[in-house]
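Residue strings, one per chain:
Number of protein chains: 2
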Amino acid sequence: KVYPIESLDYEIIENELFKQDWRSRKKIQIFQYIFLKWTLSLLIGLLTGLVGFFNNLAVENIAGLKLLYTSNLMLNDRYFAAFAAFAGMNVILATCAAVLCAFFAPAAAGSGIPEVKAYLNGVDAHSILAPSTLLVKIFGSIFGVAAGFVLGKEGPMVHTGACIANLLGQGGSRKYRMTWKWLRYFKNDRDRRDLITCGAAAGVAAAFRAPVGGVLFALEEAASWWRSALLWRTFFTTAVVAVVLRSLIQFCRGGHCGLFGQGGLIMFDVNSAVPYYNAVDLVAVIFIGALGGLLGSLYNFLVDKVLRTYAVINERGPYAKILLVICISLLTSCCAYGLPWLAQCIPCPTDLDQRCPTIGRSGNYKNFQCPSGHYNDLASLFLNTNDDAIRNLFSSTNKNEFHLSTLLIFFAAIYSLGIVTYGIAVPSGLFIPVILAGASYGRLVGRLLGSIATLDVGLFAIIGAASFLGGTMRMTVSLCVILLELTNDLLMLPLLMLVLLVSKTVADCFNKGVYDQIVRMKGLPYLEAHAEPYMRHLSAGDVCSGPLITFSGVEKVGNILHALQMTRHNGFPVVDEPPFSDAPELCGLVSRSHLLVLLKANKFTKNRTISGSEVLRTFHAYDFAKAGSGKGLKVEDLDVKEEEMEMFVDLHPITNTSPYTVVETMSLAKAALLFRELGLRHLCVVPKTSGRSPIVGILTRHDFMPEH
Amino acid sequence: KVYPIESLDYEIIENELFKQDWRSRKKIQIFQYIFLKWTLSLLIGLLTGLVGFFNNLAVENIAGLKLLYTSNLMLNDRYFAAFAAFAGMNVILATCAAVLCAFFAPAAAGSGIPEVKAYLNGVDAHSILAPSTLLVKIFGSIFGVAAGFVLGKEGPMVHTGACIANLLGQGGSRKYRMTWKWLRYFKNDRDRRDLITCGAAAGVAAAFRAPVGGVLFALEEAASWWRSALLWRTFFTTAVVAVVLRSLIQFCRGGHCGLFGQGGLIMFDVNSAVPYYNAVDLVAVIFIGALGGLLGSLYNFLVDKVLRTYAVINERGPYAKILLVICISLLTSCCAYGLPWLAQCIPCPTDLDQRCPTIGRSGNYKNFQCPSGHYNDLASLFLNTNDDAIRNLFSSTNKNEFHLSTLLIFFAAIYSLGIVTYGIAVPSGLFIPVILAGASYGRLVGRLLGSIATLDVGLFAIIGAASFLGGTMRMTVSLCVILLELTNDLLMLPLLMLVLLVSKTVADCFNKGVYDQIVRMKGLPYLEAHAEPYMRHLSAGDVCSGPLITFSGVEKVGNILHALQMTRHNGFPVVDEPPFSDAPELCGLVSRSHLLVLLKANKFTKNRTISGSEVLRTFHAYDFAKAGSGKGLKVEDLDVKEEEMEMFVDLHPITNTSPYTVVETMSLAKAALLFRELGLRHLCVVPKTSGRSPIVGILTRHDFMPEH
Ligand SMILES: Nc1ncnc2c1ncn2[C@@H]1O[C@H](COP(=O)(O)OP(=O)(O)OP(=O)(O)O)[C@@H](O)[C@H]1O
Ligand SMILES: Nc1ncnc2c1ncn2[C@@H]1O[C@H](COP(=O)(O)OP(=O)(O)OP(=O)(O)O)[C@@H](O)[C@H]1O
Ligand SMILES: [Mg+2]
Ligand SMILES: [Mg+2]
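Here the protein sequences come in this chain order: F and X.
In this text, residue positions in the first sequence follow this note's numbering: the first is 21, and each later residue adds one.
In this text, residue positions in the second sequence follow this note's numbering: the first is 21, and each later residue adds one.
Because the hints were derived from the structure by calculation, they are not lab data.
Treat the numbers as computed from the prediction; the structure is a model and nothing was measured.
C-beta atoms are modelled at their ideal positions from N, C-alpha and C, and glycine is treated no differently.
A few of these clues could be false.
Examples of chain F residues lying across from chain X (beta carbon under 10 angstroms, computed) [as the list claims (entries may be wrong)]:
| # | residue |
| --- | --- |
| 1 | Glu241 |
| 2 | Trp245 |
| 3 | Thr329 |
| 4 | Tyr330 |
| 5 | Ala331 |
| 6 | Leu521 |
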C-alpha cells in the first residue's frame, strides 16, 4: 500500500467558526497556550537529553563488552575464535536492528535528517514522525552502532528529537483518552512546526553536546521558516539538553555506568594544542579544503548511486533488506578484523602517561596480534568504537602514533564502507563516517607535510574533518560551531572558517548537499527557497490546468461525497452562485478534513437554504482542528445514507473566506515566492478579466516542482 | 525641512519592460551578477575590517596619549593641572565629535543599530546610510570614545559596516560617472538588503573580533528577512574581516602602532580560569541573571526617558546639541577624575609578574595619588580606556584587586553615566556601557559571595556582563557566541546560556529591548514579525479608506502630474476602462519613480491610444532601476509643457501587472503576514463581490502600524 505524500498547511484559516472561536478567546487562554508551549519545549529538551544519554550508555556498554570479549580471546592467541565472536556478535546486533527497521518501521532506516528537513518544509510523508518510528529509531540506532557499522548515531538523534517533539505536539490523543483541553491549542501545523524545529535542535545538541551548534543546525539545515522567536525557543530547548547531559555525565563520573568511561558523547578535548600556523599551513589548509570539497562531492555522488541500487534491493521486501544488512555487516567485520593484520607492530613510546598497549579497556594503542610492549596502530582505529577512533585521530599527544600507510588504509576503508553502509535498513547517521574519513585524510596530509608545517597533526585531522563535512553537507556556520564545541578550541575558528568556505565552494560546483540529494531521491516535494529560472517564463495560469472541482456555497451532499471519493484533492474552491449572490463569486476554499468532519455529523437540510448558524451551534472550533498526520477522518469513516445524498449542506461556516490568491498573469516565480514564504498548501488563481468564472485554478506544491 | 520616511520595496516588479529584459538575460550576465555580488561581499569585509582596525588604532593612541599626559602631571603632584588637562582634552575631543555630528550628519549620532535594523525591515529614513553619515560616524566615534565618554565603538561599527555596504551597493553613481554596466544589477532593494546585512555582520565581527557572533547578530537582531544563502554570504564576509584584523594586529605586534599595545580590539582572554562550579554558584548565577534582567530593563526605561528629554534639547539646533555634549563631557571628566579620590590606596600585591603601580602605560594598578608601592583601584577602572577597564574587571589573576566599595561606586557611576550619555549628539554604542556596568555588578556579587562560591570573580564579572546584556538587548544566541568569542572560554557556555535565558525572561516582563525602544521612539514604522492581536478583529477593507487615486491604462498627462504633485503616494493602481476592456478591471500598480522616468522623456500621444511598443523601444529596463535612497528623480525635475498636459501617455509598459492582492474580507492580521513576509510596499485590496470598482484600496506600511 502506497501512502500519498501530503503537504502541511501553515495558512491561517479564517472561517466563521474559527473567527468566532478567536473572538471568544480570553487572556487566560493565551496565557495557557504560552505556558504550555514553553513547558513542551522544556519536555522536548529533557526527553531528548535523556534519550541521547541512554543511547550512548547502551552503545558504549554493548560495543565495549563486544570489543573486550574479542580482545580477550586474542590475548589468548585464539584468533579465529576472536574473529568468529566479533563477526557473530556484529551480525546478531545488525540483524536485530534490521528486523526492527524492516518489520516495524521502515521509515526509521537511514539518517532521518532529510525527512525532518522535508517535514519542516511542509512535506508530510507517511509515519515519518510516528511513535513506532521513534522507538525503532532509538533501539535500531543502538544496535546498529554497537554492531560496528561505519555509521553514526547523530543523524538518528536529530530524527529522534523531532519524533519526540511530534509526539508531544499531537495535541492529545483521543484513542488514549489524552484530551486535555490545554493541549488542543497545539492541534495545528504551525505550532507543531515550531516544536519539531526545537526537537531537531535538541537532537543535535544531545548528539554532539553542542547546544549552540544545535540551534544553528536547526536554523541552517533543518528549518525552512524561521522567526526570531523560534531562535530563542530552540536556544532554551538546547540549554535544557545541555544541563541534562551534564548532570548525567557527572553522575557517570562516579563509575555507575559500566563501560561508559570517557563518555561516548564525543567531546574531543584538544584544547591542549594551541594552533600556531604560518603561511605554509594556510596553503595546506586551503589545499585540504579544496581536495576535501572534491572528495566530499564524490562521496555524495557515490552515496546517491549506491542508494539507488539499494532501493531496488530493498523493494523486494523485508527479508531482502535483512540480508543486505547481514552482508554489509560481514563485510565491515572482515575489514575491521582483517585489515589490521596488514599493519606492522610498533614499539610503544616510552614517554607515555597511559599504559601501552591498552588492555581491558577502550582507548589508544591496541595490542591486537603484537607482542607485549608493541601496539598495532590500525587496530587502534578499527577495533574501537567510532567515537574512540575519532578521538584517537584528533589527539595531538603523539605525533607519530599512526603510520602513513595506516592512515591511508583506514581512510580508503572508511570512505568505501561509509558509502556502502548508508542506505541499508538500519538507522544510520552520516556525520561519523564523514568525520572519520575526513580526520584520517587530514592527519594523513599533516603527516605528509611533516616538519614543513607548524600546525599539529591532531589539528590537521580536525581541519580534514571540517573539509569533508563542508564538502558533503554544505553547511557553514553550524558546522563551524559544532566543530568548535566538539573540540573545545576557539582559536581554531579562523582556520575552520577558511576550510569550510573553500570546501563548500568547491563542492557546490559539482552537486548538491547530501541531504538535499536524498530528499530529491526519495521523491519528497521539497520547495526551494528561491524560484527556479524557468519559472520566470511561465505564468500561474499556464500551470493550473484540467477541470477544477468546485462546490457551491450550499452544495448537494451527494456531489461532495462523490468529489471526496473520486479525487484525492485536499482543497476545493467554494463559489457562490446566483441565488445567494448577484454573480458567481469566489467565496473561499474548503479543505477535505473540514468537509469530512461536517459530513460525519449528518446534519443536512432538505432544501438549498443557508443553515450556517445551525453548524455554528453544533460544532466547536476544536472539532475542526487539524489532527496529527494519519489521524484524521477518512472518507470511508463517513456514514451517509442513500436518502441523504440528495439533501444539502451549507459550506459557508467552514469555508476559509480569505484564501491567498494570485492573478493568472503572475509569473510562476512570483507565485512560488508567495507560496513558499507563507507556507501555503493551496493557492487560488483568479482571472485577470472579469466576466469569467471567478476562479481559474488552484496551485499546490506539486505544481511548483520542476519535474511537473 | 522634514524628510518623509519612505519604505523599501522587495517585491518583484513584473511589467512588460522588465519581463523583456529578463527574457534577454543570458548565462554570462547571471555569472557577472553572482561574481560581482561575491566581490562586493569581499570588499565589504575588507573595508569594514580596515575601518575597524583604524578606529581602534586611533582611539588607543589618542586616548592613550591623553591618559599618559594626565598621569605624568599627577606624578609631579600637579593635581589641578592634571584635572584641567584631562577635562580640557576631553571637552575638545567631545566638541569635535559633536560639531561633526551636529553640522554634517545628524543621522550619525547614537548607536546606529536601531536605524540599521529599521532599514533592514524596509524603512528608509533620510540619509541614514549616506556617505556623509559614514564619514562622520567613523571620525565622530573616534573622537567620542577618545573623549572618555561612557560609550562604545561597537554600535557605530555596525552602522559603519552597513554604510560601507550601502555605498558599494549603490549600483554606481551617475554623478561621479561611475556607471559600470555590471554594477547596475545592484540597483534594487533586494540586493542592497543582502549587502547591508553583510555589512552589519561585518561591523560586529570587526568590533568584537567575533566572526560567528557577527553572523548571528545580523541574523538575530538586525535582519528581518533571512535566507540560508545569506547565512553563507555573511559568514564569508565576517571571515574576511577576521583575516584582515588578524593580519593587521600581527603587524602591530611588531611595535609599529604606537600605543596600540594589547590591541583596543577587546579580546579578553580569560582562558586561564577553568569554570568549576557547584550548586551555590548555580543559584548565584540565576540570581545574577534575575537581578541583571531587572536592572537591564530599568536601564532601558531610563534611557528612554533621558532620550525623550534630550530630544527636546536637540531640537533647538546644533548649538544646543554641542552644549549638551560639553556638559556631559565635563560631568564624565569630573566623575572619572573625582571619584578615585574616594578610594583608599592599596599596597601592591607582592606576587605579581607585572610592575605595580603601572606607570607610563595603560593597564592595571594605576598609581593616581597614592605613594609608591600602592595603587588606587578605582582609578584603575576610571582612568583607563573602557576596553582596559573591562579587561581589568574580567581578569582573574588577583581576586582582591578591587575593593567592594570601589566596585559599588564604579557600578553606580557607570550605570548613571551610561544612561545620560546615550542620546547626546555623538556616535555612541551601548554595548560597552552595559558590559562595564554588568561586569562591575557581577564582580561585586562574586566578591560578596566570597568563599561560598567556587567560581572565580573574573568569571562572575563575565556572568554579570551577560546578564546586563541580556536584560537590555534581549538577544540570546548571538550574545552568547559574542561573549564566548570575546572571552575565549567555551566551558562558560552552559552558565552563559543560563544567565541569558533568565535575564531575558525577567526583563521581557517589563519592556522591550533597547533597540526596539529606540526604533519606536524615533517613529520609524517597524513591522513586527508577528501580527498584533487587534489585527485579528479588523479586516483589510476596514483599514483602507479615503478616496483612492487611480489612473487608467492610458492616462492624461495632466492628471498624472496633478496626482504626483498633490500627494506623496508612491504607488497608484492602474485600472483599465471600457475602451480597452469590457468592464473596468485592475491592470496593476504603477510606482511613482517609474512614472517620473516615463514623464521625464516627454513622449506623449495626442489621442487615447495604446503606444506601449514605443515606450519599449525608447527605454531600457535599467532606466527604471531603483536608484539609491534620495537619488531618484523628483516631481520638480519634470519639465512638462502646458500643451502636453492634455496629451496622453500609455502606462501599460511600466505597470506591474501582477501585484499581490488580498480580498477585502481578509483579516488585517493575515494581510500583515503577507505584507511582512514578502517585504511589500503596497498591497492592493480587491472587492469580494464583483460588479464594484475592481480595487477598493491600497495598504501600505503605515496602515499596519498600531497607532494608525
Ligand atoms: N479542487 C481541485 N480541482 C481540480 N484540481 C485540483 C484541485 N485541487 C488540486 N488540484 C490539482 O491537482 C493536482 C494534485 O494536487 P493534490 O490533489 O495532490 O493537492 P492536495 O492533496 O490538495 O495538496 P497536497 O498534495 O500538496 O497535500 C495539483 O496539480 C492541483 O493543481
Ligand atoms: N494611490 C493612493 N490613493 C489613495 N490613497 C493611497 C494611495 N497610496 C497610498 N494611499 C494611502 O495613503 C496612506 C499613506 O501612504 P503613503 O502615500 O505614505 O504610501 P507610500 O509613500 O506609497 O508608501 P511608504 O510611505 O510606505 O513608502 C496609506 O494609508 C495608504 O492607504
Ligand atoms: Mg495530495
Ligand atoms: Mg510615503
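How the hints compare with the structure:
Taken as an interface hint, Glu241 (chain F) checks out: its beta carbon lies about 8 angstroms from the nearest beta carbon of chain X, inside 10 angstroms. This hint holds: Trp245 (chain F) has a C-beta 9 angstroms from the nearest C-beta of chain X, less than the 10 angstroms allowed. With a cut of 10 angstroms, the hint placing Thr329 (chain F) at the interface with chain X is violated, because the nearest CB-to-CB distance is about 31 angstroms. With its C-beta approaching chain X no nearer than about 29 angstroms, Tyr330 (chain F) sits outside the 10 angstroms limit, and its interface hint is violated.
Taken as an interface hint, Ala331 (chain F) does not check out: its beta carbon lies about 28 angstroms from the nearest beta carbon of chain X, beyond 10 angstroms. At a threshold of 10 angstroms, the smallest CB-CB gap from Leu521 (chain F) to chain X is about 6 angstroms, leaving the interface hint in force.
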